[in-house]
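Protein chains in written order, with this note's numbering: chain A, 133 to 417; chain B, -1 to 302; chain C, 3 to 344.
In short, the hints are calculated from the structure, not lab data.
Hints may be right or wrong, so weigh each one.
Said to hold, decoys possible - Within a straight-line C-alpha distance of at most 20 angstroms, the following computed SDA-like cross-link-like pairs (lysine to any residue) qualify: (1) B:23 x C:153; (2) C:135 x C:125; (3) B:146 x C:284; (4) A:298 x B:112; (5) B:149 x B:128.
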Amino acid sequence: MFSVFRDLIRYNIEFTIGVVLVGVIVAFSLLSFASPVDPTAIYTTIPDMPPSAEFWFGTNSRGQDLFWQLTFAFRNTLFFGLTVAVLSRIISITVGLTAGYLGGWTDRTLMFFNDIFVAIPIFPILILFYFVLRNNLDMMKLALIMACFGWPFDARLIRSVALGLKHREFTRHAVFAGMSPARIMYEEHLPYVMPIVFSTAMANMIWSIGLEVTLAVLGFTNINVPTVGTALYWANNHSAMVVGVWWWIVIPVVLIVMTFLGLFLLAVSMNEYIDPRSRLRRMGA
Amino acid sequence: MSAPPLLDVRDVSKVFTMGGVLSRKQIRAVNEVSFALSTETPEIFTIIGESGSGKTTLARMIFGSDVPTSGELKFEGRDIAARRGADRLAFMARVQPIFQNPFEAFNPLKRVDRYLASTARRFLNARTEAEMEGPMDEALHHVGLSLKEVKGRFPHELSGGQLQRTAIARALISQPSVIVADEPVSMVDASLRMAIVNLFKRLRDELGVTIIYITHDLATAYYISDRIIIMQKGHVVEMGPARPILEAPQHPYSQLLKRSVLSFDDAGRGLITRSGREEVDTSAEALVKGRLEPAEDGRLVRVG
Amino acid sequence: MADDILTVEGLKAYYQMNYFGVEREVRAVDDVTMRVMANEIYGIAGESSSGKTSFIKVLAAAIRPPFRIVDGRVTYRFNGKPIDVAHAGEDEIAKIRWKHLSYIMQGSMSVLNPVRRVRSTFEDFAFRPMGLKRDAFWEAVEAHLARLHLEPGVLRAYPHELSGGMRQRVTIALATVCRPEFIIADEPTTALDVVVQKDVLAMIREVQQALGSSVVFVTHDMSVHANVTDRLAIVYAGRIVEEAPTRTIFTAARHPYTRHLVASLPRIGDTSPKPSLEGRPPSLAEPPAGCRFHPRCPIAVERCRREVPVLEERPGGHRVACFRADEALPAEKILNVEEPLS
Ligand SMILES: Nc1ncnc2c1ncn2[C@@H]1O[C@H](COP(=O)(O)OP(=O)(O)OP(=O)(O)O)[C@@H](O)[C@H]1O
Ligand SMILES: Nc1ncnc2c1ncn2[C@@H]1O[C@H](COP(=O)(O)OP(=O)(O)OP(=O)(O)O)[C@@H](O)[C@H]1O
Ligand code: SF4
Ligand SMILES: [Mg+2]
Ligand SMILES: [Mg+2]
Chain A
133 MFSVFRDLIR YNIEFTIGVV LVGVIVAFSL LSFASPVDPT AIYTTIPDMP PSAEFWFGTN
193 SRGQDLFWQL TFAFRNTLFF GLTVAVLSRI ISITVGLTAG YLGGWTDRTL MFFNDIFVAI
253 PIFPILILFY FVLRNNLDMM KLALIMACFG WPFDARLIRS VALGLKHREF TRHAVFAGMS
313 PARIMYEEHL PYVMPIVFST AMANMIWSIG LEVTLAVLGF TNINVPTVGT ALYWANNHSA
373 MVVGVWWWIV IPVVLIVMTF LGLFLLAVSM NEYIDPRSRL RRMGA
Chain B
-1 MSAPPLLDVR DVSKVFTMGG VLSRKQIRAV NEVSFALSTE TPEIFTIIGE SGSGKTTLAR
59 MIFGSDVPTS GELKFEGRDI AARRGADRLA FMARVQPIFQ NPFEAFNPLK RVDRYLASTA
119 RRFLNARTEA EMEGPMDEAL HHVGLSLKEV KGRFPHELSG GQLQRTAIAR ALISQPSVIV
179 ADEPVSMVDA SLRMAIVNLF KRLRDELGVT IIYITHDLAT AYYISDRIII MQKGHVVEMG
239 PARPILEAPQ HPYSQLLKRS VLSFDDAGRG LITRSGREEV DTSAEALVKG RLEPAEDGRL
299 VRVG
Chain C
3 MADDILTVEG LKAYYQMNYF GVEREVRAVD DVTMRVMANE IYGIAGESSS GKTSFIKVLA
63 AAIRPPFRIV DGRVTYRFNG KPIDVAHAGE DEIAKIRWKH LSYIMQGSMS VLNPVRRVRS
123 TFEDFAFRPM GLKRDAFWEA VEAHLARLHL EPGVLRAYPH ELSGGMRQRV TIALATVCRP
183 EFIIADEPTT ALDVVVQKDV LAMIREVQQA LGSSVVFVTH DMSVHANVTD RLAIVYAGRI
243 VEEAPTRTIF TAARHPYTRH LVASLPRIGD TSPKPSLEGR PPSLAEPPAG CRFHPRCPIA
303 VERCRREVPV LEERPGGHRV ACFRADEALP AEKILNVEEP LS
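With these hints in hand, go ahead and build the complete structure from the sequences.
So, in structure tokens, the structure goes:
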């Protein structure tokens, strides 16, 4: 495992940049565990201070140190994006591979549900959940709900790949080597859909984090939980740009762009590791 | 009543529907094929025929990957298509396939030895690494390879012949009673081809394995087979003891087949000519109308 | 020479792998020198994993790491213009591919995309090089398919809906539809029945003669070589050990390996045990020193273990790499008849 990592770093510049970017953001969010302040407390320090040696990211109009505030915001947001991506990937891989490999009525049933989920509009549903659950709507529940809506397109994509793989001779060979359908799906076919899984996981994280920010800015989430979205909600609430507290908006936006870029580069270079042929090509070149 | 035959193929047909909603086309890949293999006398049963004549389709039905459109296939008296779950697994250990294209038979993203290991684990109940590697190595030795050469290699690192030998070794691991080999030697060179064909012979004589040998190579078919069927467009045109049929084929298509075998007499003169198959009536109508009639040496020939 | 269309000089191409800690070098093509003239069919025969496919991957300029050209030149001459594909850029090669140089790969499924119909593959590869109007293009394609005994219906099929032999013919059609000057074919007829095989070989021969093109034809099937090739090279462990007009190979071979190969051919009506070579094909990662055939050679002498025999020119365009090629040795000495390997 370690040597794989070392080789990727050595041969793959995208991977290295991705690791650095994501590493910086993750390290930053981990600092939240060492935070001297409570992220939910307000007016703990002088408000509206620009970035300085004392307050690296400045302070906001609610009297919070933005540096520590944002460590919590990023921890929550990353965790949220990751949860949605992982959960929805699990659903889409299971549904896609099963439908593609087993075919027949299993396929028809699964694709029927797939189409229903595609047809349901997600935004009103999320707002509906917000009104029903109100303060019970924590990050985990929101992630679960979004995961339930984030899989159908990708499942269909995975199914189309699995459908092609089903007719390949090696699949039949695997059956006669005694491999169970589950093993064939998860060991023989999964590597073929991994590039799709990784790239859609990226799109999915951008989608879920973006949606969370939108909801939060509009006030349809629990605004007391610090996330990138709620940070922007409060900034907007205090008209940060108008009163000249630009750092309250610019810093979180720069950091979130870094996150997206880093994750994107990682996903691209992971694809290469998964496909041994392109991996060899790069190392040979 | 005597014991049921090992494999009983009765009036088996397979029809494929191809194309979209607008232009449907039916392909009769296999047409009313019947034969039986006995338990007592293991044999090498060869299927020869035109390409596209349904040999692979027939083989797929025999090892249960496809169900016939009509007719029935029984293994030891029991319907193959009806076997499910553990019962199906037990059937698979007894009837193992070898596929046509060694480049396609292994997942390009996975190491080849996992197929061998999986076979040993599932069919021999091997638990530890050592328990699995014993039979794997032995099977590989049968085909002139060793575990050392194969272990940890990806398919693209092996040549076509090496891959095919590995595939044959894999089928041998579960000690099957029937091996369905779909063009197992078309990718290997002459001396290795003879070695594999001789291996089939030994498997039959020493282990009592019946081999259904699908091939285009009349010379090796002559060399090892006990019985033979010749197929054209899904129909059996001639069937019976191998040597008399290959020495003196009676159906026009069988005769054409024998005529088309390349000879060495004019080596290097570049005199190759067309097979002249246009002169032989190869239309589907003639075949559908015909019937298999007994002829000399205990063979059946399609007439009509 | 003027009518050489391809010259290969001192070609060495190895698989060099150094990944995840393990180093491995497979010398699949080791010091090969040969040429192919205009208007001839040049055959390459040899046992499995002797490097036939590797060699013609170089000829077809289809090499991918870890496969690498270590040394040597591969020069084509199309319209009098030389191009060294061993060192040419990707875009220069793209210009000659399909139109001048086409490659029928071993294992036909790899060029056909399993989730697309055959029709789209033809469109992708052949439409632009042919430079025809759409209707005329499909007409030409269908006419060409008919020559290979394929119905136009195969265009509508997915690859898995065709039989092995049909797929094989589809790839041959794909490679020959643009009527290239140089055709490289790797085991193109192994999945075909003997009737169709004969017709396909005759077709390749006809196309070759009509266009005056050259063909490099790789197969382990000696009967195919006997019937289509003009000259034949026998490859053993990455090297050419004998090269001669095809007739000479079958009637007057000098190398013990070739003599063995010719003698081991099975024929209908013959059930006598066939000679088989003892031992295994050598590993190309650690090839034997000296003559690579020496561990299996029944007439090897001390010198064979130490020195590498060079491919020496003899009269009649015959080249042999064996120290004992000039001695008159009876067949029994060379072929030890016994039960083949277990
Ligand atoms: N899944 C499928 N869908 C539609 N048609 C099919 C399918 N599989 C096979 N066929 C058709 O059935 C016929 C018989 O094919 P099959 O593969 O059995 O031939 P074969 O005798 O094995 O030929 P070959 O010697 O070339 O391998 C062909 O016309 C083929 O196109
Ligand atoms: N991508 C690769 N990486 C490493 N080794 C390889 C690779 N491809 C081929 N080899 C090795 O190179 C050698 C020559 O293989 P090649 O495919 O050229 O043989 P071949 O003569 O075409 O055999 P066949 O008749 O079986 O197709 C073999 O030992 C094979 O294992
Ligand atoms: S050089 Fe020696 S070992 Fe090589 S083929 Fe000739 S006699 Fe045999
Ligand atoms: Mg077939
Ligand atoms: Mg090859």
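**Asked** Tell me, which hint numbers fail for this structure?
**Response** The structure conflicts with no hint, since it agrees with every one listed earlier.
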